[in-house]
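*Asks:* The first sequence runs 89 to 377 under our numbering.
Wrong hints could be hidden among the right ones.
Said to hold, decoys possible - For each label pair, taking beta carbons as the anchor points, the in silico distance ranges come out as:
(1) Ser294 <-> Asp172: 35 to 41 Å
(2) Gly177 <-> Lys90: 28 to 34 Å
(3) Gly116 <-> Asp144: 42 to 48 Å
(4) Gly276 <-> Asp146: 31 to 37 Å
(5) Arg209 <-> Gly177: 29 to 35 Å
As the list claims (entries may be wrong) - Taking lysine-lysine and the BS3-like style, the derived pairs with C-alpha atoms no more than 30 Å apart in a straight line are:
(6) Lys299 <-> Lys327
(7) Lys90 <-> Lys128
(8) Lys167 <-> Lys248
(9) Lys259 <-> Lys248
(10) Lys149 <-> Lys248
(11) Lys327 <-> Lys171
(12) Lys128 <-> Lys212
(13) Lys259 <-> Lys112
(14) Lys299 <-> Lys171
(15) Lys167 <-> Lys259
(16) Lys289 <-> Lys212
(17) Lys128 <-> Lys171
(18) Lys248 <-> Lys212
(19) Lys112 <-> Lys128
(20) Lys327 <-> Lys149
(21) Lys212 <-> Lys259
(22) Lys112 <-> Lys149
(23) Lys299 <-> Lys289
(24) Lys212 <-> Lys299
(25) Lys128 <-> Lys149
(26) Lys289 <-> Lys259
(27) Lys90 <-> Lys112
(28) Lys248 <-> Lys299
(29) Lys149 <-> Lys171
(30) Lys299 <-> Lys259
(31) Lys167 <-> Lys327
(32) Lys90 <-> Lys171
(33) Lys212 <-> Lys112
These aren't lab readings, by the way, just hints derived from the structure by calculation. Even for Gly, the Cβ is constructed at its ideal location relative to N, Cα and C.
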Amino acid sequence: MKLHIPEYFDLPSTLESGQAHRWKYENGWYWGVVYGDLIKIRQTQSEVEILSSLRDPDNLKSLIQWYFRMDDNLDEIYKMIRKDDYISGAINRHCGLRILRQEPWECLSAFICSATSSISRIHKNMESMSDSLGESLVLDGHLRSTFPTPEQIVTAGESKLRELGLGFRAKYLHRAAIAIAEGGLDLGELRYIDYWDAKAKLMELSGIGPKIADCVLVFSLDKLEAFPIDRWVSRALEKFYFDDCIPSYQDTVVWAHDYFGCYAGYAQQYLFHDQRLGGLHVKGVSHRK
DNA sequence: CCACGGCCTGATTC
DNA sequence: AGAATCAGGCCGT
Numbered sequence: 089m090k091l092h093i094p095e096y097f098d099l100p101s102t103l104e105s106g107q108a109h110r111w112k113y114e115n116g117w118y119w120g121v122v123y124g125d126l127i128k129i130r131q132t133q134s135e136v137e138i139l140s141s142l143r144d145p146d147n148l149k150s151l152i153q154w155y156f157r158m159d160d161n162l163d164e165i166y167k168m169i170r171k172d173d174y175i176s177g178a179i180n181r182h183c184g185l186r187i188l189r190q191e192p193w194e195c196l197s198a199f200i201c202s203a204t205s206s207i208s209r210i211h212k213n214m215e216s217m218s219d220s221l222g223e224s225l226v227l228d229g230h231l232r233s234t235f236p237t238p239e240q241i242v243t244a245g246e247s248k249l250r251e252l253g254l255g256f257r258a259k260y261l262h263r264a265a266i267a268i269a270e271g272g273l274d275l276g277e278l279r280y281i282d283y284w285d286a287k288a289k290l291m292e293l294s295g296i297g298p299k300i301a302d303c304v305l306v307f308s309l310d311k312l313e314a315f316p317i318d319r320w321v322s323r324a325l326e327k328f329y330f331d332d333c334i335p336s337y338q339d340t341v342v343w344a345h346d347y348f349g350c351y352a353g354y355a356q357q358y359l360f361h362d363q364r365l366g367g368l369h370v371k372g373v374s375h376r377k
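Using the sequences and the accompanying hints, generate a full structural model.
*Replies:* The structure is reproduced here in structure tokens:
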């Protein structure tokens, strides 16, 4: 199926900017499991081409528009967050990078796994859990699996999660799964309450602090004002905004709302991606012989 | 309120 | 090569 895309849309930077953790690139196509469906997708100039393991074209179209937030008006968002030369440069360098609308449970799980980890390891953790606890899907001879439900994680148990390489995060993920499967926590409900209230709710879970909560809110629960501050964003803020003297986490979020406005989360994603690519580039250069 | 050590383990660095 | 050190944080003291 082919779908016309908005003016600003960059598939590679959207899928490789560290917000989603189950995409694999192979021979021109990105393969991923989204909302229970194995899909492959690629971008030409003005459209994306998508194949699905189980959806008909109409459903697939709505899924893609939903997942890629094609309703976001990036032109307007850029106008709002383009406050200085640095963020402006980051926008220009990664124009078309979109925040995704991921499944809240999968998103929460991935970011629980992210604590003092690395992107490659998070990917491995997510694939291991899916392969051994999820349900299999097939498309064009490729085999992948759904990310396990909270119930499936509860059943697996903390020790199984440790076997799968989660380390100390196993306990946190297992407890979160219990809270959702048996404790009545409804992540989807957080979409309809205020940012600060939703964040407080998430932080009641053990292993979820302000940073992970912000990631879940902005990447899966429509809180585009959430402003996750990790090591990379922190470096950007030190260099370009606070002259090595950065305020507390919460004060910085309040500053971001004031400075970038209601789309601060978008600003964060461009700062993060730009800083991380820059960092990787520097590493690459330093190793060249 | 801030500071600090500990946490699993794979990848990177020296 | 083998040993530190670091990774998309958070919790307890």
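*Asks:* Confirm or reject each hint.
*Replies:* Here is how each hint holds up against the structure:
no. : hint                          : result
1   : Ser294 <-> Asp172: 35 to 41 Å : holds (38 Å)
2   : Gly177 <-> Lys90: 28 to 34 Å  : holds (33 Å)
3   : Gly116 <-> Asp144: 42 to 48 Å : violated (24 Å)
4   : Gly276 <-> Asp146: 31 to 37 Å : violated (23 Å)
5   : Arg209 <-> Gly177: 29 to 35 Å : holds (30 Å)
6   : Lys299 <-> Lys327             : holds (20 Å)
7   : Lys90 <-> Lys128              : holds (12 Å)
8   : Lys167 <-> Lys248             : violated (48 Å)
9   : Lys259 <-> Lys248             : holds (10 Å)
10  : Lys149 <-> Lys248             : violated (37 Å)
11  : Lys327 <-> Lys171             : holds (16 Å)
12  : Lys128 <-> Lys212             : holds (19 Å)
13  : Lys259 <-> Lys112             : holds (28 Å)
14  : Lys299 <-> Lys171             : holds (23 Å)
15  : Lys167 <-> Lys259             : violated (43 Å)
16  : Lys289 <-> Lys212             : holds (28 Å)
17  : Lys128 <-> Lys171             : violated (36 Å)
18  : Lys248 <-> Lys212             : holds (15 Å)
19  : Lys112 <-> Lys128             : holds (9 Å)
20  : Lys327 <-> Lys149             : violated (41 Å)
21  : Lys212 <-> Lys259             : holds (18 Å)
22  : Lys112 <-> Lys149             : holds (21 Å)
23  : Lys299 <-> Lys289             : holds (14 Å)
24  : Lys212 <-> Lys299             : holds (21 Å)
25  : Lys128 <-> Lys149             : holds (13 Å)
26  : Lys289 <-> Lys259             : holds (19 Å)
27  : Lys90 <-> Lys112              : holds (20 Å)
28  : Lys248 <-> Lys299             : holds (26 Å)
29  : Lys149 <-> Lys171             : violated (34 Å)
30  : Lys299 <-> Lys259             : holds (18 Å)
31  : Lys167 <-> Lys327             : holds (23 Å)
32  : Lys90 <-> Lys171              : violated (36 Å)
33  : Lys212 <-> Lys112             : holds (12 Å)
When the structure is compared with the earlier hints, violations turn up for hints 3, 4, 8, 10, 15, 17, 20, 29 and 32 and for no others.
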